[in-house]
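Trainee: The residues making up each chain are set out below.
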Amino acid sequence: DTGVSQNPRHKITKRGQNVTFRCDPISEHNRLYWYRQTLGQGPEFLTYFQNEAQLEKSRLLSDRFSAERPKGSFSTLEIQRTEQGDSAMYLCASSQGARANIQYFGAGTRLSVL
Amino acid sequence: GENVEQHPSTLSVQEGDSAVIKCTYSDSASNYFPWYKQELGKRPQLIIDIRSNVGEKKDQRIAVTLNKTAKHFSLHITETQPEDSAVYFCAAFGSSNTGKLIFGQGTTLQVKP
Chain A
5 DTGVSQNPRH
15 KITKRGQNVT
25 FRCDPISEHN
35 RLYWYRQTLG
45 QGPEFLTYFQ
55 NEAQLEKSRL
65 LSDRFSAERP
75 KGSFSTLEIQ
85 RTEQGDSAMY
95 LCASSQGARA
105 NIQYFGAGTR
115 LSVL
Chain B
15 GENVEQHPST
25 LSVQEGDSAV
35 IKCTYSDSAS
45 NYFPWYKQEL
55 GKRPQLIIDI
65 RSNVGEKKDQ
75 RIAVTLNKTA
85 KHFSLHITET
95 QPEDSAVYFC
105 AAFGSSNTGK
115 LIFGQGTTLQ
125 VKP
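Order-wise, the sequence lines are chains A and B. Position 85 (the first sequence) corresponds to 89 in our numbering; numbering is contiguous. Position 17 (the second sequence) corresponds to 31 in our numbering; numbering is contiguous.
Derived from the structure by calculation, the hints contain no laboratory data. Ideal placement from N, C-alpha and C gives every residue a C-beta, glycine not left out. Careful, some of the hints might be misleading.
To be verified - Covered stretches of chain A (in silico footprint by chain B; criterion: 3 or more residues with CB under 8 Å from a CB of chain B, positions within the stretch not fixed):
id, region
1, 40-47
2, 74-88
3, 109-116
Unchecked claim - Label pairs and their calculated CB-CB ranges:
id, chain 1, residue 1, chain 2, residue 2, range
4, A, I30, B, V68, 43 to 49 Å
5, B, P127, A, Q84, 47 to 53 Å
6, A, I16, B, K72, 40 to 46 Å
7, A, T80, B, S23, 40 to 46 Å
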């Protein structure tokens with residue numbers, strides 16, 4: 005499968021625990037995006053990487069959230085001290101090159117915080 | 015701020031009829047408008063997109079129109095089929111140069127056989 009890959013697909017955790025998600029973009033895509041999608045809503049932008057540099061973060065990304073893309077390939081999104089309001093689908097997308105290029109999405113990681 | 019409004023939130027049509035979904039955007043600098051289809055439990059998939067230098071684009075049964083002056087764009091699906099049933103999202107580029115997408119709230123399309 006040469007598409008965007010996300011792991012795990014599902015994560016159930018207790019409130020207060022830390023969780024980490026991984027995204028493997030399409031090979032050679034230099035841009036990587038994280039979005040959050042709650043039930044019945046469209047995806048909301050969280051953060052963006054160009055290669056290894058994190059260039060933009062949404063106000064939605066509180067200080068409990070951190071994202072990395074250390075080698076400019078895969079990315080991780082960590083949520084510390086999870087809260088029930090963090091329950092959502094976390095989507096990753098990647099694209100290549102200029103601003104107007106197509107974003108390809110992964111299937112997402114569904115987080116449930118009990 | 016950046017915003018995309020999408021209507022209707024739900025749409026039910028008979029198989030073979032046409033379906034139209036409309037979106038408006040707030041950022042006049044937006045120049046790229048994709049439409050994604052998302053089936054239950056699956057990834058959003060791009061079905062068609064349009065750039066601001068054209069007013070209409072068609073791909074088989076799907077077409078998108080763009081009115082830059084009014085800042086709205088629409089998705090048209092003709093000869094609908096049951097497999098068209100899904101949630102459809104419109105989106106527009108945000109005001110920064112990162113290419114982040116601002117999504118509408120989604121339209122749940124049901125095509126009745």
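Trainee: Give a verdict on every hint.
Mentor: Now for the hints, and whether the structure bears them out:
no. : hint                       : result
1   : 40-47                      : holds (count 4)
2   : 74-88                      : violated (count 0)
3   : 109-116                    : holds (count 4)
4   : A/I30 / B/V68: 43 to 49 Å  : 26 Å, violated
5   : B/P127 / A/Q84: 47 to 53 Å : 48 Å, holds
6   : A/I16 / B/K72: 40 to 46 Å  : 44 Å, holds
7   : A/T80 / B/S23: 40 to 46 Å  : 34 Å, violated
In terms of the numbered hints stated before, the structure departs from hints 2, 4, 7, listed from lowest to highest.
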